Each structure stands twice: as C-alpha cells, then as structure tokens.
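J.: Chain residues, written in single-letter form:
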Amino acid sequence: MIEETRAQETYEVLREAKRALDEESKLLAKVYNEPAIFEMEAQKIFQKTWIFLAHESEIPWPGDYVLRRIIDDSCIVARDEDGQIHVLFNMCRHRGMQLCRSDAGNASHFRCPYHGYTYKNTGKLNGVPFQKEAYGPEGLDKDEWAMTPAPRVEIYEGMIFASLDPGVQPLEEHIGDMGWYLDFYLKKSPAGMEVVGPPQRWVMHADWKLASENFIGDGYHTQSTHMSTIKAGIMRVKSPAYLKDGVQILAGSHGCLFMGFKPGSYFNYPQSIVDTMKESLNGAQVALIEENSVLPLNATIFPNMSLLHSSMSIEPGGRSVPYVTLRVWQPMGPGKMEVWSWCLVEKDAPEDFKRASNRSYLSTFGASGTLEQDDAENWSGTTRVAAGAMSGSHYLNYSAGAGQVDPIPEDEWAGPGTAYPKNYIDFAQRHFWQTYFDHLMA
Amino acid sequence: MMIETSLETYWEVYSFLMREAELLDERREREWLESCITEDVEYLMPVRENRERSEGAGFSDESFYFQETHGSLELRVRRLETEYAWAEDPPSRTRHFVTNVRVAEGDEDGEVAVKSNLLLYRSRGSEPTADILSAERRDVLRKQEDGWRLRKREILLDHSVVMTHNLSVFF
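Residue numbers (the working numbering), protein chains in the order written: chain A, 1 to 442; chain B, 1 to 171.
None of these hints come from the bench; they were simulated from the model.
Computed from a prediction, not measured in an experiment: that's the story for all the values here.
Possibly wrong hints are sitting among the right ones.
[What the hints assert, rightly or not] Example chain B residues on the side facing chain A (calculated, C-beta under 7 Å, incomplete): (1) Y14; (2) Y65; (3) Q67; (4) W86.
Positions of the beta carbon are idealized from the N, C-alpha and C atoms, including for glycine.
Assemble the whole structure, with the sequences as input and the hints as a guide.
T.: This is how it looks when you write it as structure tokens:
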C-alpha cells in the first residue's frame with residue numbers, strides 16, 4: 001500500500017513537472033536527485049530503450065570480450081569464433097554466480113568458479129562437471145540451460161547497443177534522423193573509427209541527466225564553466241563572444257550542436273582526413289560543412305550516450321588538435337553515476353595524428369580533462385543541492401530562445417530534424433526533458 | 001628493488017620527494033613545475049583494467065588519465081592560476097603520503113630510478129566523506145646543476161574505476 005501510494009505520488013509530481021516544462025519552460029529541480037524517480041528511470045527508460053555498450057573495435061578478434069552494464073545488469077559483450085557479436089547476461093544458470101570477473105580479455109569459454117559449468121562465448125552451455133552423477137544418464141538439455149542473451153542486440157556504425165525490451169523498435173529507427181548527424185563523427189573515413197585503448201572510468205556524485213542534457217546542446221555554459229581554458233590558451237578562441245554562434249539540432253529523441261571553424265581549417269584535421277571526409281560523407285553533408293564552415297561539437301543519443309568533437313591546444317601557443325570522444329553516463333543510483341569515456345579516431349589516420357588526437361582529448365576531457373574537471377564540479381554541485389526538500393518546489397529556467405527564435409526554414413538547412421540558428425538557447429535541452437517525461441509517463 | 005645507491009643519494013632523493021609533496025599539498029603548483037620538473041618530463045597515469053592474473057597488471061599502453069609533457073603541465077598550471085578553475089576553487093584539501101621509497105641506479109648517467117607508494121587523501125567542500133587514491137609511482141630523477149628533478153613519472157593506480165569526480169590535482 002505504501003509502495004503504491006509512493007508510486008502514485010511520484011507520478012503526480014512528474015505530471016506536474018512535465019506540465020511546467022511544456023507550458024512554462026521550467027524544470028523541477030527534484031528530478032536531479034530523488035530515489036523514487038530514479039527507480040522509474042531504471043524501469044521505464046533503461047529497461048525499455050537502446051543502451052550503448054561497446055564499440056566493435058574494442059573486441060576486434062575472435063574470443064575478445066569486454067564486460068559492460070545496463071545499470072545493475074552485468075553483460076559480457078563477446079565476439080565468437082565466427083566473428084559474431086553476442087551480449088550475454090553475466091550470470092551462471094546453475095547458482096547464479098557471476099561468470100566473468102575481468103573487464104576484458106580473450107576467451108573461447110567462460111567457466112563458472114562455483115561448480116564449474118562452462119559456456120562457449122556464444123552462450124551455449126558446453127560442459128557440466130560430473131553431469132551423469134548429478135543429472136542422470138541423459139544429462140542436461142544444454143540448449144535449455146544456455147546463458148541468457150540480451151533480448152535485443154544491434155550495431156550502428158560500429159557501436160554495439162542492447163535493449164532489455166524484446167519489443168523495442170529497431171535501432172535504426174531509434175537513431176532515426178540523428179544518423180545523418182552521427183556521420184560527421186563516425187564517417188569521416190570509409191575505414192571507420194576505432195577506440196584508442198580501454199575507456200577511462202570514474203565515479204561522480206552527479207545525476208546522469210545533467211551530463212546528457214549538457215551534451216545535447218549546452219553551448220551556453222562554455223563562456224563561464226570553461227573560461228579558465230580560454231584564459232590559459234587551451235581553447236584557442238579570441239574571446240568568449242566567439243562561442244555565441246551555432247546551430248542547435250533536434251533529431252528524433254536526440255540532438256546536437258554545430259559550431260563554426262575558421263574557413264578552410266576543418267578543426268585542424270590532417271589533409272588525409274579532410275580528403276576521406278569529403279569522399280565518405282554524402283554531397284549534402286559536404287556542402288553543409290563547406291558552405292557554413294561548421295561541424296557538430298556535442299551530441300547526445302537518448303538516454304545516456306554522448307559524443308564530443310573538439311579541437312584544443314596541448315602545448316602553450318600550440319595549434320589546436322582535433323579529437324572525438326564517446327562517453328556513457330552510467331547511472332549508479334539517485335544522484336550518482338560512473339562515467340565511461342573513450343577516444344575515437346579514424347582507423348586509417350596517420351599514427352602521429354592518432355597519438356596527438358588522444359593527447360588533446362585526455363588533456364581536456366576525461367577525468368583529468370581541463371574542461372571536464374569543471375563540468376564535474378558543476379554537476380556534482382547541482383546534484384548535492386537537489387537532494388533536499390526545497391528542490392521539490394524549486395523550478396529551474398529552461399526558457400532560452402522560447403518564443404524568440406524560429407527554426408531555420410527547411411530549404412535553408414540540408415539536414416533532417418529541426419535546426420535552430422543559435423547557440424545560447426534551450427530547445428535541445430527542453431527536447432531532452434520532453435523525451436524523458438514521455439518515457440516516464442508512458 | 002632495494003636501496004642500491006649511496007646513503008647520501010638516497011637521502012637527497014627522499015628529501016626531494018618530501019619537498020615535492022609539500023609543494024603540492026600547499027597548492028604551490030607553479031613552484032613545483034619550475035623547481036621539480038625537467039623540460040623533457042614524461043608524466044603518465046595509464047588506465048588500468050581489471051584483468052586475469054595471467055595477463056599482467058592491467059595497465060594500458062594506449063589509454064591514459066595523464067600523458068603529459070612540460071608544455072601540457074604548464075597549461076594545467078596556468079589554468080589553475082586563472083580565477084575560473086572551479087574544480088579547484090575552493091581548492092581540495094590534499095595530503096600526499098609518500099612511503100616505501102626505493103632507489104636504484106638509473107639507465108642514464110646522473111639518473112636514479114625511484115619507486116614509492118602514494119596515498120592521496122582528498123577532501124572537498126564540507127562533504128562528510130573524503131576520496132582516497134592509492135598508487136605506486138615509478139619515477140626517474142635526474143641530477144641537474146640545481147639539484148634533483150623529475151624526468152619521468154608513471155603513476156600506477158590501484159583502481160580500475162577512479163573513485164573521485166575528477167583528477168584536478170597532481171600526483
């Protein structure tokens with residue numbers, strides 16, 4: 001009864017929060033740190049939609065595997081001897097022991113330490129010690145007692161996603177219009193992307209949604225949060241005023257933010273990548289870059305995967321070096337997440353560029369990054385003060401651009417979705433929250 | 001590795017490590033950079049994975065939390081000197097506990113190879129809990145005209161998931 005009342009109360013709080021967002025462009029601060037809301041997110045978002053787990057290049061060879069999670073569900077992402085990728089629930093079918101206990105490796109089989117059940121990396125049950133003594137002359141039905149696969153697994157441009165909902169829409173549909181924009185991150189070469197080593201991982205006492213909504217379109221925070229890097233000559237812009245121009249994109253459940261570069265500079269990508277980019281992207285995509293001198297910087301794929309495309313200086317007075325980082329904001333509970341952060345580079349990029357790009361990334365993003373350090377400070381601070389009672393009636397302003405800025409007419413913007421011709425606006429952030437409430441109230 | 005150098009060298013190296021820890025705990029990063037670090041320094045903290053025993057300690061040779069040169073350390077220090085480095089303003093209260101110091105001859109003349117254990121205590125704001133990071137440091141020190149300096153540091157974390165919200169302090 002108490003449980004039911006609590007669920008009903010949470011639902012009422014969310015309904016009012018959704019109304020306030022839709023009608024008044026404001027957000028109830030409580031959503032950033034509330035156990036009952038977190039439980040609903042786990043059920044209605046993380047068990048229902050597509051969740052990014054790994055990049056194919058992390059497991060290039062037969063037998064390679066990495067260990068990943070969807071909140072508390074541990075999954076082995078393995079490539080079998082035939083090259084097929086499997087996502088397997090990491091729990092033995094006998095007494096439930098965690099089968100695989102290392103972050104990554106290469107194994108044709110997973111052997112349970114408890115009683116010795118052994119499974120192939122396809123999930124098939126392969127060996128049961130003293131089978132006849134334990135289960136009779138016929139032994140066990142090995143098909144019935146295979147490892148449990150994730151209900152759905154699909155791959156988009158090398159990115160492996162899983163869903164716990166067998167009825168989820170195809171991944172291609174989930175990505176939808178956003179695919180056109182993901183190409184700028186993932187298809188600058190026909191060779192595709194690869195990760196630079198294993199991900200950085202660190203724990204932040206901060207809500208995952210703060211990161212997702214920041215990456216979907218928050219260009220506004222840069223002039224304040226990241227001012228130190230402008231002053232120190234890490235972010236090579238002449239003045240913070242430079243940052244005010246951009247284009248915010250809403251595409252499906254997702255979004256991104258385009259920013260300008262000096263015409264002809266292409267974020268300082270080496271000529272070989274500028275060349276392959278022009279071959280690999282389609283005509284409309286190339287024209288968009290060439291005519292406007294813009295590339296997408298930050299993007300979020302709902303709910304908790306983000307990308308960043310940036311270019312920063314590594315040495316005093318040095319040229320900016322571009323990079324792409326992929327990250328997952330993995331919820332660990334109300335107000336707490338583990339961040340997973342990878343650097344991606346074009347597989348056929350020059351080796352010295354790969355090294356420089358990775359250094360540019362880790363100097364500025366990741367746990368020690370001179371920009372991300374300050375994001376972590378902000379997101380932890382918001383989460384901390386959202387824990388109390390007053391955040392239950394404290395509303396936050398999400399109105400930038402509302403009623404003031406119109407979308408770019410369709411015939412003036414080549415990409416799909418909706419494009420807004422500004423940077424310091426909240427359209428993409430409101431879109432994130434509308435998508436979020438739609439999931440929770442469904 | 002045991003103590004393989006003269007007592008005098010050991011004592012100089014030990015004093016260097018103590019002075020360095022003091023500078024860092026007193027937020028004197030500029031002084032640390034200018035008086036303790038060589039121009040050709042390599043300052044590394046590799047990502048560590050939890051791997052099976054047969055595969056070694058799990059340190060990556062591709063992924064790093066820090067992969068610094070003197071120039072990139074300079075940019076990090078410059079950033080701390082602005083008024084906008086929110087991650088360290090108000091600053092963390094840190095304490096570098098440096099123990100188990102072992103010193104051997106280095107590969108080059110005038111250099112020594114130093115191993116030490118580091119426990120870094122970090123407390124921020126009015127949080128009731130503090131973050132503690134544990135690591136082994138493998139250093140190469142070079143004796144210059146003005147004394148010992150850090151030529152190379154590998155910070156080998158005892159964590160596969162870093163249990164602090166950012167790495168805004170030096171190790």
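J.: Now look at each hint and say whether the structure bears it out.
T.: Hints and how they fare:
no.: 1; hint: Y14; result: 27 Å, violated
no.: 2; hint: Y65; result: 5 Å, holds
no.: 3; hint: Q67; result: 6 Å, holds
no.: 4; hint: W86; result: 5 Å, holds
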